[in-house]
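Peer 1: Chain residues, written in single-letter form:
Protein chains: 2
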Amino acid sequence: MEKITKILLSENEMPRQWYNIMADMPNKPLPPLNPATGKPVGPEDLSVIFPMELIKQEVSTERYIDIPDEVLDLYRTFRPSPLYRARNLEKALGTKSKIYYKYEGGNYSGSHKANTAIPQAYYNKMEGVRRITTETGAGQWGSAMSFACNHFGLDLLVFMVRVSYNQKPGRKLMMNTYNARVVPSPSTMTAAGRSVLEADPDSPGSLGIAISEAMEIAAQDPYTKYALGSVLNHVILHQTIIGQEAMIQMEMAGDYPDVVIGCFGGGSNFSGISFPFLRENFVNGKKTRLVAIEPASCPKLTKGKFTYDFGDQSGMTPLLPMYTLGHNFIPDKIHAGGLRYHGAGVLVSQLRKDGFVEAKAKFQRECFEAAILFARSEGILPAPESSYAIAGALDEARRADLEGVSKTILFNLSGHGHFDITAYEKYFEGNLPDHEATTEEINQSLVNSAVPTF
Amino acid sequence: MEKITKILLSENEMPRQWYNIMADMPNKPLPPLNPATGKPVGPEDLSVIFPMELIKQEVSTERYIDIPDEVLDLYRTFRPSPLYRARNLEKALGTKSKIYYKYEGGNYSGSHKANTAIPQAYYNKMEGVRRITTETGAGQWGSAMSFACNHFGLDLLVFMVRVSYNQKPGRKLMMNTYNARVVPSPSTMTAAGRSVLEADPDSPGSLGIAISEAMEIAAQDPYTKYALGSVLNHVILHQTIIGQEAMIQMEMAGDYPDVVIGCFGGGSNFSGISFPFLRENFVNGKKTRLVAIEPASCPKLTKGKFTYDFGDQSGMTPLLPMYTLGHNFIPDKIHAGGLRYHGAGVLVSQLRKDGFVEAKAKFQRECFEAAILFARSEGILPAPESSYAIAGALDEARRADLEGVSKTILFNLSGHGHFDITAYEKYFEGNLPDHEATTEEINQSLVNSAVPTF
Numbered sequence: 002m003e004k005i006t007k008i009l010l011s012e013n014e015m016p017r018q019w020y021n022i023m024a025d026m027p028n029k030p031l032p033p034l035n036p037a038t039g040k041p042v043g044p045e046d047l048s049v050i051f052p053m054e055l056i057k058q059e060v061s062t063e064r065y066i067d068i069p070d071e072v073l074d075l076y077r078t079f080r081p082s083p084l085y086r087a088r089n090l091e092k093a094l095g096t097k098s099k100i101y102y103k104y105e106g107g108n109y110s111g112s113h114k115a116n117t118a119i120p121q122a123y124y125n126k127m128e129g130v131r132r133i134t135t136e137t138g139a140g141q142w143g144s145a146m147s148f149a150c151n152h153f154g155l156d157l158l159v160f161m162v163r164v165s166y167n168q169k170p171g172r173k174l175m176m177n178t179y180n181a182r183v184v185p186s187p188s189t190m191t192a193a194g195r196s197v198l199e200a201d202p203d204s205p206g207s208l209g210i211a212i213s214e215a216m217e218i219a220a221q222d223p224y225t226k227y228a229l230g231s232v233l234n235h236v237i238l239h240q241t242i243i244g245q246e247a248m249i250q251m252e253m254a255g256d257y258p259d260v261v262i263g264c265f266g267g268g269s270n271f272s273g274i275s276f277p278f279l280r281e282n283f284v285n286g287k288k289t290r291l292v293a294i295e296p297a298s299c300p301k302l303t304k305g306k307f308t309y310d311f312g313d314q315s316g317m318t319p320l321l322p323m324y325t326l327g328h329n330f331i332p333d334k335i336h337a338g339g340l341r342y343h344g345a346g347v348l349v350s351q352l353r354k355d356g357f358v359e360a361k362a363k364f365q366r367e368c369f370e371a372a373i374l375f376a377r378s379e380g381i382l383p384a385p386e387s388s389y390a391i392a393g394a395l396d397e398a399r400r401a402d403l404e405g406v407s408k409t410i411l412f413n414l415s416g417h418g419h420f421d422i423t424a425y426e427k428y429f430e431g432n433l434p435d436h437e438a439t440t441e442e443i444n445q446s447l448v449n450s451a452v453p454t455f
Numbered sequence: 002m003e004k005i006t007k008i009l010l011s012e013n014e015m016p017r018q019w020y021n022i023m024a025d026m027p028n029k030p031l032p033p034l035n036p037a038t039g040k041p042v043g044p045e046d047l048s049v050i051f052p053m054e055l056i057k058q059e060v061s062t063e064r065y066i067d068i069p070d071e072v073l074d075l076y077r078t079f080r081p082s083p084l085y086r087a088r089n090l091e092k093a094l095g096t097k098s099k100i101y102y103k104y105e106g107g108n109y110s111g112s113h114k115a116n117t118a119i120p121q122a123y124y125n126k127m128e129g130v131r132r133i134t135t136e137t138g139a140g141q142w143g144s145a146m147s148f149a150c151n152h153f154g155l156d157l158l159v160f161m162v163r164v165s166y167n168q169k170p171g172r173k174l175m176m177n178t179y180n181a182r183v184v185p186s187p188s189t190m191t192a193a194g195r196s197v198l199e200a201d202p203d204s205p206g207s208l209g210i211a212i213s214e215a216m217e218i219a220a221q222d223p224y225t226k227y228a229l230g231s232v233l234n235h236v237i238l239h240q241t242i243i244g245q246e247a248m249i250q251m252e253m254a255g256d257y258p259d260v261v262i263g264c265f266g267g268g269s270n271f272s273g274i275s276f277p278f279l280r281e282n283f284v285n286g287k288k289t290r291l292v293a294i295e296p297a298s299c300p301k302l303t304k305g306k307f308t309y310d311f312g313d314q315s316g317m318t319p320l321l322p323m324y325t326l327g328h329n330f331i332p333d334k335i336h337a338g339g340l341r342y343h344g345a346g347v348l349v350s351q352l353r354k355d356g357f358v359e360a361k362a363k364f365q366r367e368c369f370e371a372a373i374l375f376a377r378s379e380g381i382l383p384a385p386e387s388s389y390a391i392a393g394a395l396d397e398a399r400r401a402d403l404e405g406v407s408k409t410i411l412f413n414l415s416g417h418g419h420f421d422i423t424a425y426e427k428y429f430e431g432n433l434p435d436h437e438a439t440t441e442e443i444n445q446s447l448v449n450s451a452v453p454t455f
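Note that the protein sequences, when read in sequence, are chains A and B. Reading the first sequence from the start, the letters are residues 2 to 455 in the numbering used here. Reading the second sequence from the start, the letters are residues 2 to 455 in the numbering used here.
Honestly, I wouldn't trust all of these hints.
The list cannot tell twin chains apart, which means a pair is met if one copy fits it or any two copies do.
Here are the computed lysine-lysine pairs in the DSSO-like style, where the Cα-Cα straight-line distance is at most 30 Å [unchecked claim]:
1) Lys7 to Lys126
2) Lys427 to Lys334
3) Lys304 to Lys7
4) Lys92 to Lys126
5) Lys97 to Lys29
6) Lys287 to Lys7
7) Lys99 to Lys126
8) Lys306 to Lys57
Derived by calculation from the structure, the hints in this document are not laboratory data.
Given only the sequences and the hints, what does the whole structure look like? Please build it.
Peer 2: Put into C-alpha cells, the structure is as follows:
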C-alpha cells in the first residue's frame, strides 16, 4: 500500500464474536450485591429488568461469544468502521509520533452506541419484550437505541438528562424521527424523578437520575424491560468489536499501538477499543498502555473511591464494586453529557485497581481546543465526549516529542459532534468555561456525595 | 460474497481521473456569451474570478482529466465512498426492485460538495490566490469549502442565503470551526446585496443573489477569486468520481442500474453520479435512464425555458445556455436550500434538451415522508435535498411493482441532514407545508421572472 490514510475492512473481515475480558482478567471482579440482603445477586434479581440472554452475558466467563446473524446483518450497514492515520493532525502538531484513530461516528447513531443498541434490542425482541425504557445523556445512546428498537418493532421511552435535552434539541428530534418518545429527566412520570424535583425544581439531571426513572417504569410491567448504554459487562462485551477490528487494521497498517486512549463516561467506548489490546498484554506479553480520559468535573477514576455503590441515583440497581463519586453526585453541566456519570463500570474498575488501566482528568476547554485542532486538520467535527480522547492523544504525542521518541498512538473517536454545535458556538464566543460550577462547588459536591461503605 | 449490504472500495481502487462528458456528448453545448458584446467569452473574461486551471477544465473536451496528487491525498480521507444496497428500505416498501444508493454524506462536509471544494481550493492555491469568496445555500458547499480552504491556507468569505442562515445555525458554526467567515445574504457588504435589500428589506435571499455578492467582492482584488459549488462544467467534472466509483461497485454487486436518480439544484450531484453511466449509454449501448428530481417550487427543468440567462441574480456572470426560471426568480423558502437555484447547469441543460435526461418536480412534504421512511429503515438521516432523490427512487420502485417487473435503481444520497433537523421538527409538528408560498404566488413569481431572450 502506498501512503495509508484510512484502513477499511470488508464485511466478511468483520469479527463474528465479541471478546469477553472476564476470561483473561487476573482478578475477577467482585460480585454485584443485593442491597437488601448483602448477598450476590442472582439472575432472577436481574430478570425483572433485563432479558435472560443479556444476564447470561453479564456473568459469562466465556472468552468469545457469538454475534447473532440478525445483529451481524445490521452491523453490516456500518461496520467494520474505518481506522484512520491522522496524517494532517500529526503535521499540525509537528510530532514524530504516529497517531491513529478508530472512527465510530460514521453510523446512523453518530457514535459507538449502535454496537450495543442493536444486540440489546434484538435479545429483548427474541424474549417477547414489547417496550424498552432507557436513559440518555447527550443523546447518542438514545438515538442508537431508537433506531434499533424501531427496527425490531419495539416501543422505546427515553429519559434524557434535562441539561442535555435543553443543550441539544437536535438529538431529541432525531430520536423522534426514529419513532421514540423522549422525556426530559428528572420528570414527574416517576417517583424517582419527582423526589429529585421536590429537592431541586431546577435540577439539571444526571445519568444516575435518568437510569432510576427508566428502571422504575420498566419494573412495573412484565413486557417492559430496561436497557443501559454503558457501565455493564454485557454492554462492554458488545463494544469489543471496535478493538478487534482495530487490531486487524493496525496489523494491516504494519503498526501496533504503544498506547490506546478513550474518553471515559461509564467505560464502554474506552473498554471497547482497548480490551482486545489488553488481552494481548495478558496473553502475548505486549506492553500497550491503556489510558482513560475523564472530565475533571466528574473524576471517578482519578478522585473516586473503589467501593460498592449503586449504579443509579435512587438506589434501584444492585450494589456494584466500582470507582465512584457517590450515586448522589450531580456532575457539572459540561457539554460532554455522555461523561456525566458518577461511577466506572465494574470491569474497568477492577482493572484500574489492579494497575492495568491509567486515568487522567481534563477540563473541557482544553478538550475543545483539541477538538478544533482536530476538526481543522482531519475534517471530522468530534463529539464533546470524544474531544477528551483527542486531548489525551495530543498529550501522548507531545510528551513523546519532549522525550525525543516516536510513539504509536491509537484513540477512539467515539462520535461526531453535529448535534453539539452550540458547545462550539459557546467556545467561539469565549463563553465556554472549564466548568460551569466553581471549583469550590465541585469540591463541595464531592464531599456531599454519598459513597456508601459496606 | 454472501449477503451484500454495502460495497466498499479500497483507496487504491479509487479513480485517478475525472470523467468529462463533453468528450462524448452528441451535441456540444452552446458557448457562454459576454453580455456586453454578445460574443463567446474567452479565458481572459473568466480569469478575473477563476484560476486558469479551472477555466481550462471548464472548456476542456478531454475525456479524462488527471486528479492532482494533493487532491487525491485529501480524497483518501473519505473516498471511495460506500455504495449501499437498501435492503431494509426494500423490505419496508415490499418492492421486488433492487435499490442501491451511493452515500456521499460520510465525509467531513456531510455532502458530495467536498469532491469539488478540494480541487477548487487546491488550484487556487497553486496559482497564488490568497482569498476565496463563495455562496452557500443550506451550507453544505460552504462547509466543504471552509475546510478545504483552511487546509490549503486560504481565507474564505461565505455569503450564506439568509433563509438558510436562519434555518440552519449549525452550518454557520461548522464553517466558523473550519476558520471561515460567514455573512447572511443579501448583505450590505456589496452593491448587489444592497440593491436587493432596498427593494425588499426582508428578502430571504437566493443562491443567485449570494453568487452576485461573492463575485462582486472577488472582482475587486487580484488575489481574491470566486468559487462556485455547482452548475459549472468544472464542478460537474470533479463530481464524476461519484459515478465512476459507483460503476465499479455496481459491478462488484453483480448489478447494473436501469435508472440513476439524483436531486437537482444546479446539477452537480446528479451529474456526478449519472454521467459515467450516460457514457455507457453513448459508447456501449446501455440504456440506463437518468432522472433528475427538482423541487416543484423551483422547477427549471420541468417548467423553465431553454435560453441564455445569467447564472446570478444581478447579471455578473456570462450568459449561459440553460434551462432557467429567470435569474431574478426568488424560489420559495423550502428547506432544501441547496435546490433553490433558478437554472440548470449548461451540460445537463443540453443533455436534457437532447432527450438524455428526464426530470420530475416534487413537493417537499412527499420528500420528507420519503426521508423519514428511509431514516427509519436505513438509519441515515438524509439532507432535505437528498430526500428528493429518495422520493424519486420510491416512485421508480412503486411503478415497477405496479408493472410487475423488478428494476435496479441507483440514487445518490448526496448528504446527511444533521444540520437540518429543524425541518424534521416542523414536519412532526405538522407545520411543514408543501411550499411556503401559495400556488398563485409561485405562478406569479414564474411570470415575473426575467428570462431574457437573445
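Peer 1: Hint by hint, say whether it matches the structure.
Peer 2: Verification of the supplied hints:
Taking identical chains as interchangeable, the C-alpha atoms of Lys7 and Lys126 lie at most 30 Å apart only when they sit on different chains, with a minimum of 25 Å there against 36 Å within one chain. Taking identical chains as interchangeable, the C-alpha atoms of Lys427 and Lys334 lie at most 30 Å apart whether they share a chain (13 Å) or sit on different chains (29 Å). Proximity of Lys304 to Lys7 under the C-alpha cut-off of 30 Å is found in neither arrangement, the shortest distances being 37 Å within a copy and 45 Å between copies. Only between protomers do Lys92 and Lys126 lie at most 30 Å apart by alpha-carbon distance; the minimum there is 19 Å, versus 48 Å within a single protomer.
Proximity of Lys97 to Lys29 under the C-alpha cut-off of 30 Å is found in neither arrangement, the shortest distances being 39 Å within a copy and 52 Å between copies. In this assembly of identical chains, Lys287 and Lys7 lie within 30 Å of each other by CA distance solely inside one copy; the values are 24 Å within and 35 Å between copies. Proximity of Lys99 to Lys126 under the C-alpha cut-off of 30 Å is restricted to the inter-copy arrangement: shortest distance 28 Å between copies versus 43 Å within a copy. Taking the shortest alpha-carbon separations for Lys306 and Lys57, only the intra-copy value of 28 Å comes in at or below 30 Å, while the best inter-copy value is 68 Å.
Of the numbered hints given earlier, the model fails hints 3, 5; all others are met.
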